[in-house]
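Taken in order, these protein sequences are the chains called A and B.
Mapping of the first sequence onto UniProt numbering: position 377 corresponds to residue 377, and the numbering continues sequentially without gaps.
Mapping of the second sequence onto UniProt numbering: position 210 corresponds to residue 210, and the numbering continues sequentially without gaps.
It should be emphasised that the hints constitute simulated quantities derived from the structure, not laboratory data.
Be aware that one or more of the hints could be misleading.
Where chains are identical, the list cannot tell them apart; a pair therefore holds if satisfied intra-copy or between any two copies.
Taking lysine to any residue pairs in the SDA-like style, the calculated list, with each CA pair at most 25 Å apart, reads [unchecked claim]:
(1) K397 x R559
(2) K87 x Q27
(3) K622 x A518
(4) K376 x A422
Now for the letters of each chain:
There are 2 protein chains.
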Amino acid sequence: MSDTDPLVIFTPSGKRGRVARGTPVLQAARQLGVDLDSVCGGRGICSKCQVQPSFGQHSKHGITAREDALSEFNAVEERYDRIRGLKIGRRLGCQACIEGDIVLDVPPESQVHKQVVRKAATTRAIDMDAATRLYYVEVEPADMHAPTGDWERCCTALAAQWGLSSPTLSTAMLSRVQSALMSGDYKITLAVNEAREGAPRIVGVWAGFAEPAVMGLAIDLGSTTIAAHLTDLVSGEVKASGGVMNPQIRFGEDLMSRVSYAMMNDGGAAEMTSAVREAINTLAAELALEAGLAITDIFEAVFVMNPVMHHLLMGFDPVPLGQAPFALATSSALDLPARDIGLTLAPEAQVYVLPLIAGHVGADAAAVALSEAPQKSEPLTLIVDVGTNAEILLGNKSGVLACSSPTGPAFEGAQISSGQRAAPGAIERVEINAETKEPRFKVIGCDLWSDDPEFADQVLATGVTGICGSGIIEAVAEMRMAGIVDAKGLVGSPDAVGTTRCRPTGRTFEYLLYDGSAEGGSVISVTQGDIRAIQLAKSALYAGARLLMDELDVDQVDRVVLAGAFGAHISPKHAMVLGMIPDCALEHVTSAGNAAGTGAQIALINRGSRREVEALVSQITKIETALAPRFQEHFVAANGIPHASDPFAGLRAVVPLPDPHFTSGDSASRGRRGRRR
Amino acid sequence: MSDTDPLVIFTPSGKRGRVARGTPVLQAARQLGVDLDSVCGGRGICSKCQVQPSFGQHSKHGITAREDALSEFNAVEERYDRIRGLKIGRRLGCQACIEGDIVLDVPPESQVHKQVVRKAATTRAIDMDAATRLYYVEVEPADMHAPTGDWERCCTALAAQWGLSSPTLSTAMLSRVQSALMSGDYKITLAVNEAREGAPRIVGVWAGFAEPAVMGLAIDLGSTTIAAHLTDLVSGEVKASGGVMNPQIRFGEDLMSRVSYAMMNDGGAAEMTSAVREAINTLAAELALEAGLAITDIFEAVFVMNPVMHHLLMGFDPVPLGQAPFALATSSALDLPARDIGLTLAPEAQVYVLPLIAGHVGADAAAVALSEAPQKSEPLTLIVDVGTNAEILLGNKSGVLACSSPTGPAFEGAQISSGQRAAPGAIERVEINAETKEPRFKVIGCDLWSDDPEFADQVLATGVTGICGSGIIEAVAEMRMAGIVDAKGLVGSPDAVGTTRCRPTGRTFEYLLYDGSAEGGSVISVTQGDIRAIQLAKSALYAGARLLMDELDVDQVDRVVLAGAFGAHISPKHAMVLGMIPDCALEHVTSAGNAAGTGAQIALINRGSRREVEALVSQITKIETALAPRFQEHFVAANGIPHASDPFAGLRAVVPLPDPHFTSGDSASRGRRGRRR
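Isolated chain A, as found in the complex (with noise of 0.2 Å):
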C-alpha cells in the first residue's frame, strides 16, 4: 500500500492500516485481521458485519475522516435499511466501501469474539468463540454437463465462501441438506459444529437465509441438584436459567449409596441412568420454554460432574468408582451426539463433557479449575469446592495439585440434628454475643436479623425450621468465639459457660439457639453430636488441603477460594475459625461463587478453553487421599477447633479465639466444672 491510500482505523481493537481505495469495510478487516462478523459471506443480508463509521478530526489517531471518506449508501444497504431498517450512522460493512482515511467502530454485536462479562459473583470476560456458527452459503445449482452431488456442490461452496473444508454429516442431515438445497434455490444457511478445528460437522440447515436461535445448554449434574443455563451461542447472552432436583435421590442420597444401589441391584445403574437422562430433558424443554424457543433449537451441551454421575449419566458401570482402584472407565473430555445419551435436542446436537481429574475428582473440579485457573496464579492458591465430597485444588504458575476428601454431607446440614437444606426458614447466619452468649440469627427468605423486633411478623411466613449448612458453620464457629465450645469441640455445662442456654441432653451439653414451641414451632439447638459431624467433615477437608501442602512442602498458602454454590454463602471467617481452611489472611479468602457451573459456561462458548481445560487436567498431579499414609495423622490433628496443633496465629491475631477447656457431661463428671483460664 502506498501513503496516499485511506488509513482505516478499527476501534475497540486500535487495529489500524492502509487498504486500497474502494476496499469494502469487510474486505479491509479481514485484511487487518479484525474481528467483524459475516453470516451470510458478505450479501448484504445478515447485517452482521455492521460498523459506525466516525467522521471528522480525531487526533488521538492523527486523521481527519471526511463525510465522503466512505462510498454513498448503496441498493443493497438502501433495501436492507428499507426492509429490516439500519440504525442511525451503522453500515453494512461488506457495502460500504473506504475512499479516504476513517475510523470505524466495530459494535459489540458485530463482533465475533465479543467478550461476554457473567453477571454471576465473578466478573472475569470470556471471549465468544462458540463451537457452533451459522454459515450462509450459495450453491451452484445442479448441472448434467458436470454431474456433482448436492452435497458435494455444497461443500465446494463452504470452501470457497467461507475457507471450511472437508465437513462431514450424518446421512439424515444429507437428507435435509438436500431438500433444503432444492426448496431454498440452492442457498442455505448451516449451523457447524467445528469443536475440533479443523472438523467442522453440520448439526442443522434451514432454506435460504435464516437467523434460527442457536443455543446451548450448560450443565452442572450435581448429586442433589442438576443446574443449566440455556445460552444464546451468537450472542453469548444467558437466556434462561434453572435447576431441578437429580431425580437419582430416590435411589440414594449421596454418591456412595447410588454406587450401592448399582451394584446391589441388576439394572440399579440403567435405571439411575435413564431417571438423570429423563431430568435433563425435562430441564432443557422447561428452559426453552421459558426463553420462547424449542427444546430443539438447542445444538450443544456441556456438561461438569463428579465421576460417578458422569458415569451413571454416560452409561458406564459406576461400581468401580466404589471401592480401590477408583478406576474411571474413561477420565478423557468426550465429544459425542446428545442422542447418544438420549438427550431430545437438536437432533445433531453435540455434547462436550469436561475431562475428569481422577476417580474422586470430577468434571466439577476441572471446571472450577478452568474458571479460577489456579495454573496462572503467582499466588499459591487453595480452591476448596465444598459438597458431600470436597473437591480440593492446590497450586500456581509452578504447577497444580488435586485431590478429594470424603467430608459427608454435614456441611449441607445432614447429620445434623436440626439440620435441612437451604430453602426458606433454615437458619443461615448466626452470630452470638461473648458477653451474655445471647445469639441471633437470620433465617432465608427473610432479611431481618431474629433481634429485629418487625422478625417474628416477617418470619411467620416461613416459620424458624431448621439450620442450614451455612448456619450451622457460623453456630459452630460462633460458639467457640463466645467461648461455649472449647478447642476439642465440647459444648460447655451451664456453670461453665455462665447461660442456661446451654443445657444438659444424656450426658452432654447443647446450646439453645432458638425456642418456638410457645408458639408451637420448633426448638433448635446445637448439640454436642451436631460439632462432632461438624468435626468429621471440617477435618476431613483440612487434611486433604494439608495433604497437599506437604507434597509442595509448604506451611502456609497465598490465597483461598471457597466454590461451590454452597462455598459462596460461607463466611470466610467462620470457616477459618472452624478450621476448615488453613490459616491466611482473611481478605485473601474468596468465594468463586458456582465456579463449577461457570467453568461449564466458559467450555459452552469459548471452544478453545475446552483445550485449555484439557492441557490443564493432563498437567495436574493427582493425590489420592485414600493411600496417603499421613491422611489420618493429619485428620486426627485436625479434629481441634481451629486445630490441634497448626497454630492458626494470623487468625488468632484478628479474632478472638478463647481457651476454656470443657469436660463432657456424663454422669461421673456432670457435677464438675470446667477449668476456667
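Given chain A, put chain B in place with the hints provided.
Just chain B now, with coordinates in the frame of chain A:
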C-alpha cells in the same frame, strides 16, 4: 547385520535377510517386511503366526538349513501344541527363534494379506486387507497412584502393542470395553475398523483372548433382486450367498415408476426405504443362519446399487433423479454406521457405499469399473452392464468415459409376448437351421436340446413356459442369420421365408418357436412386436456406446465385456448379430459375470480398493445421453439388425448374414411377396 548372522528366507514372498541370532521368527518377519499375521501380539495364544521351516539343502536359495537352525520347542509352544494342537512341522513364529540359516514358509492362513481367488466367473485374485481386524491387547490394571481411565490405558496398550493411535468409539462401546476389561482381567480382544487409514474405530470387544466370527456382507442392491455374499473378513472365505426379490417391486416394476411413486405419494419414498431396509435385514439374518452365525457377527456391509436404489436406501429424496438435471443428493462414497440406515447388524457395524458416477450411472457401475479396471487396460475396452438401464463404460489407460442408456426391460423378457423372467421352463438358448428354418432350443432346468428324443420326458417337470432375455436375443439373432428377419427387423411371410412357422398375425408375421398346445402346453412365438421391442432396447444400448466412441473419436473398440448377471448368459455372437454391441473380433467379446457384485466383494475385503474406486470415479468423464445431440441419430441408425449404416465387416466375415428384404404383412401388402436376392 554381519555375514555370520543367520540368513533367513521367507517363502512364498522370497524376502530374505540376516537377523541377529536368537531373533524370534515373528520379529524377523516384521524386520524384513514379511506378511506374517498375529492377533495376540506374540504371546503364543492365537497361533496366527505359524510358519513351516524347511530343513536341508536349498540350492535355489544357496543355503543349507541345519536341524538346529530354529530354537527347540519352548514351554509356550508345548502348551499350545498340547491344548490346541500344532500341525506337524509347524512352529509358532512368536516363539521359535532363529539360530542358523533357514527357509521358512508362511502358509496362506498365516498371511494377513493372503490372496483370495474368487470362485466366480473371473479368477481375479484379491489381496485380503479388510477394514475390520482383531487385536488382542493386555492393558495395565487400574492404579490409584496414576489415575487414568480404563479407556486411556487401553489406548496406550493399543499404541504400544499394535501401533494403533487415536482410536475412537461410541459411549455404548466404551461401556462394553469397561466391562470386558473387568471380566477379562484387563485382557481383551478388540475388533477395530480402520476403513480410513489412521482413523481406527472400535467396533467390537470381547473379554480375554477371543476368536469371534468377524463377517462382512457385500450387497448388490438391484431394482429387482438384492444379492448378498457373507464373507469371513479374516480368511476371505465366502460363508453364504443368497438373494431376495427387492420388495420395492410392489411400488413399481422399474426405477422410474418407483420415482413416480415417491413423487405422487406423501411418505412414499420413506415407505420404500423401510421396505428395502427390512428386506436387507432379513436377508442378512438368513445368510448368517445358513453359515451358523448371528447377524451381530456382521461388522461391515458394502453396497453397490444404482442411484435410485442408493437414494431410497439412504433415505434421500429420489424425485430429483426422475428429471433433468438428475441431481444426486451426494455422489461421494459413504462411510456410515449401519444403524443409521436401520440395519440390525453388529451394534457398531459400519457401512461403505461405493461412489455414484452420475445421476444415471450408479455405484453398481463404479463396482463394475473396480472389478474390470478399464483404466488399467491397454486395449480400448467397452463394458456394458445390461439391465433395465444399461451402464456403459469405455476406456483404457488414457481415460475412461461412462454413460447410461435407457434400454428398458425388454432384455429381461419384459414387453415380450411370451417373455418371462429367467426361471425353470424358460427358453434360454435358440438355434435355427438356415436351410430348414426349423428351430431347436434349450430351457432352463434341462440340459438337452429340444430335438433330443428324451427332451419331451425330461422337460415334463417344468414344461416350456416362455422365453427369457437371453432366449429372445438368440431367437432374433438366429432368425436374422436364417433369413427369417431382414435387416430392418421385419419378419418375412411364409412364402417369402419358405416355412409355415412364419404365420400372419393381424398386419404382421410371427415365427412359431414352440407349439405345446396338443399337450395342453403353451404356444411360443416371436412376434413382430417382440422384434420391435428388442430393436428399441438394443438401439439405445448401441447408441450409448457409439456416443462414448464419438467422444474418443474412434469407430472401433478392441474388447467388449458384457457385465451384469444377465450379461453372463448372452452369447457374444448373437449379441453382435443383433447389433447390441459394436463390431469387434468375437474372441475379444467376453462376459464378466456379475461384475458389480464382484466389485462389492473386492471393496469388502480390500480397503485399499475403496480409495482406488473413489479415485477412478472422480476421473471418469461422464456423458449424459439425454443431452447429447447425436444420441437420437445414433439411436435411429442402430435400429437396423445389426445396423443401418455401420458395416459390421468383422462380424459378416465369420457369420452368415443373408439380406432378404421383407415388407410388413398389412392388408395392402399381405399378398405381395418379399423380394429375394
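Okay, the hints, checked on the actual structure:
1. K397 x R559: within (14 Å within a copy, 74 Å between copies)
2. K87 x Q27: Result: close within a single copy only, 22 Å intra versus 74 Å inter.
3. K622 x A518: The answer is neither: 54 Å in one copy and 95 Å across copies each exceed 25 Å.
4. K376 x A422: neither (34 Å within a copy, 78 Å between copies)
The structure shown violates the earlier hints numbered 3, 4.
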